[in-house]
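Undergrad: Chains as they are written, first to last, in this note's numbering: chain A, 183 to 494; chain B, 558 to 1001.
Please keep in mind that the hints were generated in silico from the structure rather than gathered at the bench. None of the values given here were measured: they were computed from a predicted structure. The beta carbon of each residue, even a glycine, is placed where N, CA and C say it ideally should be. It is possible that some hints are incorrect.
To be verified - Calculated pairs, SDA-like style, for lysine to any residue (alpha carbon to alpha carbon, straight line, at most 20 Å): (1) K273/A - T979/B; (2) K200/A - L570/B; (3) K355/A - G212/A; (4) K560/B - E265/A; (5) K273/A - P633/B; (6) K775/B - E265/A; (7) K200/A - K576/B; (8) K271/A - T979/B; (9) K271/A - K995/B; (10) K560/B - K355/A.
As the list claims (entries may be wrong) - Per the computed footprint, the stretches of chain B lying under chain A, defined by three or more beta-carbons under 8 Å from a beta-carbon of chain A, are: (11) 561-573; (12) 899-907.
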Amino acid sequence: MSEILGLSNLKKHYASQKAVDDISFSIEQGSIFGLLGPNGAGKTTLLRMITGIFYPDSGNIQFDGKPFDPLNDIIKIGYMPEERGLYKKMKIGEQALYLAQLKGLSRSDAMQKIKFWFNRMEMESWWNKKVEDLSKGMSQKLQFVTTVLHEPKLIILDEPFSGLDPLNANLIKEEIYGLAQRGSTVIFSTHRMEQVEEICNHIVLVNLGKKVLDGTVADIKQQFKENKFSIQLSSLPNEINSNAFNIIEQKGNELIVQINENFKSNDVLKYFLQQDNSIESFREILPTLNQIFINLVEGTHATARAFERSES
Amino acid sequence: MNKIFIIIQREYLSRVKNKRFLLTTLLTPIIMVGFIAGATFLSISGKDEHKIAVIDQNGFFKSNLQNTKEINFTFPENVDTANYITKGFTDIILIPKFEGTAKVNYIIRSKKRLGLNTETSISDKINEAIEDKMLQDAGIQRSQLDSIRSKSQFAELKSMEEKGNSVQESNAALSYGIGFGSGMLIYITMFIYGAMVMRGVMEEKTNRIAEVMVSSVKPFQLMMGKIIGIGAVGLTQFFMWIILIGVLTTAAQFFIPHDVMQQVSTLQQSNGQIPTGGMVQAGDAAQKIYKLQHTMSTANWPVIISCFIFYFLGGYLFYASLFAAVGSVVNEDPQDAQSLMLPITMPIIFSFIIMSNAVQDPSTSIATWASIIPFSSPMVMMARIAYGIPGTVPYWQLGLSMLSLIGGFLLTTWLSGKIYRTGILMYGKKVSWKEMGKWAFRKN
């Protein structure tokens, strides 16, 4: 797989703060990439540089194998910002046509694609409605359609599921998978960790303008695992005493254990086999992304508000 | 470049297709005509009838005061200020004995307060009666005097202006009207369309569509697209008004009797001279219509209209980009807009004041400089142009004024574009003047 986007040593400083301070990473074509970080971490500034809205103070961006040229590459990018925006008084069909033409599509091409997407998203009957008459979820769908309409190589979605009911969220999720399968790359910026775990192949975490974490979801979980296992027994022994592990938690006949250094998971099994307790299940407990991020971000002065919200 | 046309198209069509646009464009001239007609109608009708008792110590008013439809003078006996109302009079006039021509007050007392028109007409009547009496004493008949007066009107002032080798007829009243009218029109439209640009920008910012837009087009294209689109709306409105006025005046001619129109055309052919002993004698109405047409024809309309379009567009572009910059830094709170607009509205209002002086005296040095500096030139130059080029406004002044206006709007657009680019994506924080200055003058 080739690389669609490569950032190297990007910097953007405002008068009062370093919004993006020396960030580098690359994104593979066709992947679904998660850009994570607490509020104010510099995600939006980073995305605005990738979409050509801002110029970086230093560093460079490679797009599709060439240095990024905002003027000509804009048509290959679809950006849905976190703050959704549409012209309230405009009719939906006209609005989609307008935004598509501004991306550089000809009128007839745009019409054809709008019809295709409206049909796909069951929006045909909306054509003459005004945006102000739409519900939040409906305008979200419209915004998504206008973002991906011109079949961009790189799609950037900032919190795409906020305000959507589960049914529509699923619909959009399926579309994201479909777009990735057809070769588009999706950058997905969010606070919702469970969605990231479900959707993304590769993630980067930024905090206070710096990259904190970079890797695939599975690798990161391995990297941050705390050697915790859950073991379910048919009956508990009277006394458990092993230097291989400590019991952290007990729920009925289920034990959560942490394996001490220099021991393996097999040592836990060996112990219980020796005790002659029948083992009903045994599995590793990997940390959730949520836990990893709270650990990383907490105590760094950044507000962890976003994570608290996604936990509740 | 193609994208800016798409933006212009949307900004233009979304406003022109709006029913409100059509309604205001059609209704404004109709309301204005209706307003003038209404005011005229009210001043003609709606007069109270007055039955006035005149207590006269001189004895000569009885034969000389003329009654009209609304005002009826009577000279009853035994009526005084205490009982005139019970005797059925609405007013009473007490005239003391005149002693030579020494100044004397006479008093009118009324049940109701008198209107301005009635008061003037009563005092006119009384003065006329005094005049009649004095004429009579001097042995002159009023009818004689009237006929001399009307005959003496054969001489008429025509002011001519040096125009190279020839002279051209000019008319100060017309110049004043054109100058003030076009200056006023530019003043009003600058506010209307400037505010329209500002509201459009604020809408894009508060609706958060700005970020979607600037990921497809440059902020400068977005701003210019809006400014040009709305300017085109303004021009459309002007052209519709011109057409409407043309249609209305043509329609008005059908209401003028045919023979009057014929007399007007005879007057036109004979350059205002009534052919003596001819078949057609020009009536009063025909004279008036001819005079109006003739006066209007002394103005150089093609120059005035093309200058008007230039200064309208130049002034609009100069101020609209500033309004756009203000719109881009406002956060939801409309009160911010008010205070940020002040530095823009002040020069516009100030120019209006200079313009209303320049239209009376177009050659003062204040008027001359104000018509060259781009802050005020759109209004002030229009006031001066009405007095003639190159008589009042030499070519070098016009050229300098136009060039500095073009330079001016390029400068304001450039600075505003920089403020706009930063402001449109800035949320939550109230922006100070210092920051805006920093955005405007920083490099890249």
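Undergrad: So, against the hints stated earlier in the document, which numbers end up violated here?
TA: 1, 2, 4, 5, 7, 8, 9, 10, 12
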